[in-house]
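Novice: Sequence:
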Amino acid sequence: MARLDLTKTRFLIIDDFGNYRSMLRSILVSCGAQSIDDASDARSALAKITINPYDVILCDYNLGDGQNGQQLLEEIMHRHLIPYGTIYIMITAENTQSMVMAAVEYHPDGYLNKPFPKDLLLKRLEKLIEKKAIMKDIYSAYNQKKYSEALYIADQKMLSHSKYALDIGKLKGEIALAANKLDIAQEVYDKALSVRDFQWAKVGKAKVFIKQQDDDSAQVLLNEVINENNNYLEAYDLLADILQRQNQAEEAQSLLSQATKISPYTIARQQTLAKIAIQNNDFSVAEKSLKQAVTIGQHSYFGKVDDNLDLVKLYADNGKSKQAKQTMLTTRKNYKKDKQALFHSEFVESMALYKLGNESKARDVFQQAISHISGNLSELPKELLADIINTTDELGETELADALRYDIKNPSKEGQSNTEAMTQKYHYLLQNGRGMRYYNDNLIFESIKIFEDAADNLPDRISVNMNAAQAILIYVKKSQRHKDLLSKARHYLDISKALDKNNEKYQKLEAIYTSLI
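When we follow this note's numbering, the leftmost residue of the sequence shown carries the number 1, and every step to the right adds one.
No wet-lab data here; the hints were simulated from the structure. It is possible that part of the hints are untrue.
Unchecked claim - Computed cross-link-like contacts, DSSO-like style, restricted to lysine-lysine with a CA-CA straight-line distance of at most 30 Å:
{"no.": "1", "residue 1": "320", "residue 2": "337"}
{"no.": "2", "residue 1": "449", "residue 2": "508"}
{"no.": "3", "residue 1": "361", "residue 2": "337"}
{"no.": "4", "residue 1": "211", "residue 2": "145"}
{"no.": "5", "residue 1": "131", "residue 2": "118"}
{"no.": "6", "residue 1": "8", "residue 2": "131"}
{"no.": "7", "residue 1": "361", "residue 2": "336"}
{"no.": "8", "residue 1": "409", "residue 2": "275"}
{"no.": "9", "residue 1": "132", "residue 2": "146"}
{"no.": "10", "residue 1": "339", "residue 2": "288"}
{"no.": "11", "residue 1": "261", "residue 2": "325"}
{"no.": "12", "residue 1": "508", "residue 2": "483"}
{"no.": "13", "residue 1": "355", "residue 2": "313"}
{"no.": "14", "residue 1": "449", "residue 2": "477"}
{"no.": "15", "residue 1": "488", "residue 2": "508"}
{"no.": "16", "residue 1": "288", "residue 2": "333"}
{"no.": "17", "residue 1": "339", "residue 2": "291"}
{"no.": "18", "residue 1": "8", "residue 2": "48"}
{"no.": "19", "residue 1": "275", "residue 2": "211"}
{"no.": "20", "residue 1": "336", "residue 2": "425"}
{"no.": "21", "residue 1": "48", "residue 2": "123"}
{"no.": "22", "residue 1": "336", "residue 2": "382"}
{"no.": "23", "residue 1": "425", "residue 2": "449"}
{"no.": "24", "residue 1": "136", "residue 2": "181"}
{"no.": "25", "residue 1": "382", "residue 2": "211"}
{"no.": "26", "residue 1": "505", "residue 2": "409"}
{"no.": "27", "residue 1": "322", "residue 2": "275"}
{"no.": "28", "residue 1": "425", "residue 2": "508"}
{"no.": "29", "residue 1": "118", "residue 2": "8"}
{"no.": "30", "residue 1": "425", "residue 2": "339"}
{"no.": "31", "residue 1": "339", "residue 2": "361"}
{"no.": "32", "residue 1": "131", "residue 2": "145"}
{"no.": "33", "residue 1": "181", "residue 2": "163"}
{"no.": "34", "residue 1": "291", "residue 2": "333"}
{"no.": "35", "residue 1": "291", "residue 2": "337"}
{"no.": "36", "residue 1": "127", "residue 2": "48"}
{"no.": "37", "residue 1": "313", "residue 2": "409"}
{"no.": "38", "residue 1": "333", "residue 2": "361"}
{"no.": "39", "residue 1": "261", "residue 2": "288"}
Modelling step: build the complete structure from the supplied sequences, incorporating the hints.
Specialist: Right under this line is the structure:
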């Protein structure tokens, strides 16, 4: 083969073995490469990719402790750390199907099995560099989201470079989808399919149908692709989304279960499967998927505390106390430096304890969690907000739940002073809830002091003031003594009247008061 000139090509080699990095460097230097960086793990690779523009990245799949090559590529693609024109080649000594599928799911430009001859790497590089050079201007416009310009350049390149017409057409379809130019996208895919039954064109056309809200037509194409190639995993994901929209959750679960057997190391698919299995009340599949997501997530950019906490909730819902406790301990250990994750875990722990029968400890943990609320609730992740509300409802703290919902929908702009006011409000609403439990357990006299404490600090909440009045009135009515307490009842009734004199409960309490004086 003609000598490949890599003089102006910028390389990054990522491999945990120094000898292998040196071997790859020697091959590249023999072709004139002058700009070669290397990294021994994903963390140092990310640091270099963030600040340096590379033309070619050669990355091993196994990188020792921490992220592997697939997880590194996932993060790079999601964070858009490299432009579309960068060549990314995955290198691995693994040859099991699950490892191979994991390596190619995020569509690296090339894939090489160790060991490979020097000439194979150079031939692969020569072809990819030639193709990327031809498509460079398209990528440049695409990176800048100049979609119309990118589509125009793509048309010109297809005319002048027929050898790469299909590759350019595939990219053109992707750009048209991104630009929501669905007529252009469909034209690209129909033209490709007129040449050959390309599976990527069928999937692309299915995406057009999905955007057009024609799920039935998309479903036909996606089923065709899976029947033709049961390793085309994107088709599984798209079809599962359609099945969920059609309320066919069991069918979606079955489909994703097949996909996770083919490629078990893609965390997003495991997370989706777990959610569907929980919806289907399938404990076994949900547990397996969540455990896999938790394991993968330890080093994945997409790993999140929610997977761990969903597993805790799953165990609690199914009475698995030991497993719930152990998972919670592991979660705290793994996320000990993440304040928001620890805050989130308090609410889930409270809910789990309550469901597993330890109400006293559940309420202690819940009160601690509520005291840690700060800032605008609306800025918290939706999963955390859902667990805050669900736990509050589960514990029967109705007044507090209503206040939390209101504060989520109506964020304040008052900053720290408002945070302190919110914390105080939540504290006394918890007092009100505590008073209600005493009252419902017929410990009416004991509830009075608690209600008074809450009402005196929440004069603008009619329900709390009515609770204080009610406890006093019912206690006096039942005991037929301590009528001196009626003056306090009158105080809370007057506040309630000022807030809403037409309130039905207030009017009933007034009638009781009248009967006692």
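Novice: None of the hints should be skipped; say for each whether it holds.
Specialist: Here is what the structure says about each hint:
Distance restraint check for residue 320 and residue 337: the Cα-Cα separation of roughly 27 Å lies within the 30 Å cut-off, and the hinted pair is therefore satisfied. Proximity of residue 449 to residue 508 is assessed by CA-CA distance (about 22 Å); at most 30 Å being required, the pair is judged to hold. Simply put, residue 361 and residue 337 have alpha-carbon atoms about 24 Å apart, close enough for the 30 Å limit, and the pair holds. In summary, the hint linking residue 211 to residue 145 is supported, as the alpha carbons are separated by about 19 Å, within the 30 Å threshold.
Taking the CA atoms of residue 131 and residue 118, the gap is about 20 Å. The hint holds against a cut of 30 Å. Taken as a hint, the residue 8 and residue 131 pair is honoured in the structure, with Cα atoms around 16 Å apart against an allowance of 30 Å. For the given pair, residue 361 sits about 21 Å from residue 336 by alpha-carbon distance, which is consistent with the 30 Å threshold. Taken as a hint, the residue 409 and residue 275 pair is honoured in the structure, with Cα atoms around 26 Å apart against an allowance of 30 Å.
Between the alpha carbons of residue 132 and residue 146 the distance comes to roughly 18 Å, so the proposed pair stays at or under 30 Å and holds. For the hint pairing residue 339 with residue 288, the CA-to-CA distance comes to about 27 Å; that is within 30 Å, so the pair holds. Distance check on the hinted pair: residue 261 and residue 325 sit about 29 Å apart at the alpha-carbon level, within 30 Å; holds. This hinted pair checks out: residue 508 and residue 483 have alpha carbons roughly 19 Å apart, not beyond 30 Å.
Annotation: proposed proximity of residue 355 to residue 313 holds, straight-line Cα distance about 9 Å (limit 30 Å). Of the pairs offered as hints, the one joining residue 449 and residue 477 holds, with about 17 Å between alpha carbons and a cut-off of 30 Å not exceeded. Restraint check: the Cα-Cα separation between residue 488 and residue 508 comes to about 17 Å, which is no more than 30 Å; the hinted pair holds. Among the hinted pairs, residue 288 with residue 333 is consistent with the structure: their alpha-carbon atoms are about 21 Å apart, no more than 30 Å.
Taking the CA atoms of residue 339 and residue 291, the gap is about 23 Å. The hint holds against a cut of 30 Å. This hinted pair checks out: residue 8 and residue 48 have alpha carbons roughly 18 Å apart, not beyond 30 Å. Restraint check: the Cα-Cα separation between residue 275 and residue 211 comes to about 24 Å, which is no more than 30 Å; the hinted pair holds. Simply put, residue 336 and residue 425 have alpha-carbon atoms about 28 Å apart, close enough for the 30 Å limit, and the pair holds.
Straight-line distance between C-alpha atoms of residue 48 and residue 123 comes to about 26 Å, which keeps the hinted pair within the 30 Å bound. Between residue 336 and residue 382 the alpha-carbon distance is near 21 Å, which keeps this suggested pair within the 30 Å criterion. For a cut-off of 30 Å, the pair hint linking residue 425 to residue 449 stands: about 17 Å separates their Cα positions. For the hint linking residue 136 to residue 181, the alpha-carbon distance of about 22 Å falls within 30 Å, and the restraint holds.
Proposed proximity of residue 382 and residue 211 is supported: the alpha carbons are some 25 Å apart, at most 30 Å. Between residue 505 and residue 409 the alpha-carbon distance is near 27 Å, which keeps this suggested pair within the 30 Å criterion. A hinted pair counts as satisfied when its Cα atoms are at most 30 Å apart, and residue 322 with residue 275 qualifies at roughly 22 Å. Under the criterion of a C-alpha separation no larger than 30 Å, the hint pairing residue 425 with residue 508 is consistent with the structure, at around 27 Å.
Restraint check for residue 118 and residue 8: the C-alpha separation of about 20 Å stays at or below 30 Å, so the hint holds. For the hint linking residue 425 to residue 339, the alpha-carbon distance of about 23 Å falls within 30 Å, and the restraint holds. Pair hint residue 339 plus residue 361 holds up; C-alpha atoms about 21 Å apart against a cutoff of 30 Å. Between the alpha carbons of residue 131 and residue 145 the distance comes to roughly 21 Å, so the proposed pair stays at or under 30 Å and holds.
Taken as a hint, the residue 181 and residue 163 pair is honoured in the structure, with Cα atoms around 25 Å apart against an allowance of 30 Å. With a C-alpha separation of about 16 Å, the suggested pair residue 291 and residue 333 falls inside the 30 Å cut-off, and the hint holds. Restraint check for residue 291 and residue 337: satisfied, since their Cα atoms lie roughly 22 Å apart, inside the 30 Å limit. For the hint linking residue 127 to residue 48, the alpha-carbon distance of about 26 Å falls within 30 Å, and the restraint holds.
Annotation: proposed proximity of residue 313 to residue 409 holds, straight-line Cα distance about 26 Å (limit 30 Å). This hinted pair checks out: residue 333 and residue 361 have alpha carbons roughly 20 Å apart, not beyond 30 Å. Restraint check for residue 261 and residue 288: satisfied, since their Cα atoms lie roughly 12 Å apart, inside the 30 Å limit.
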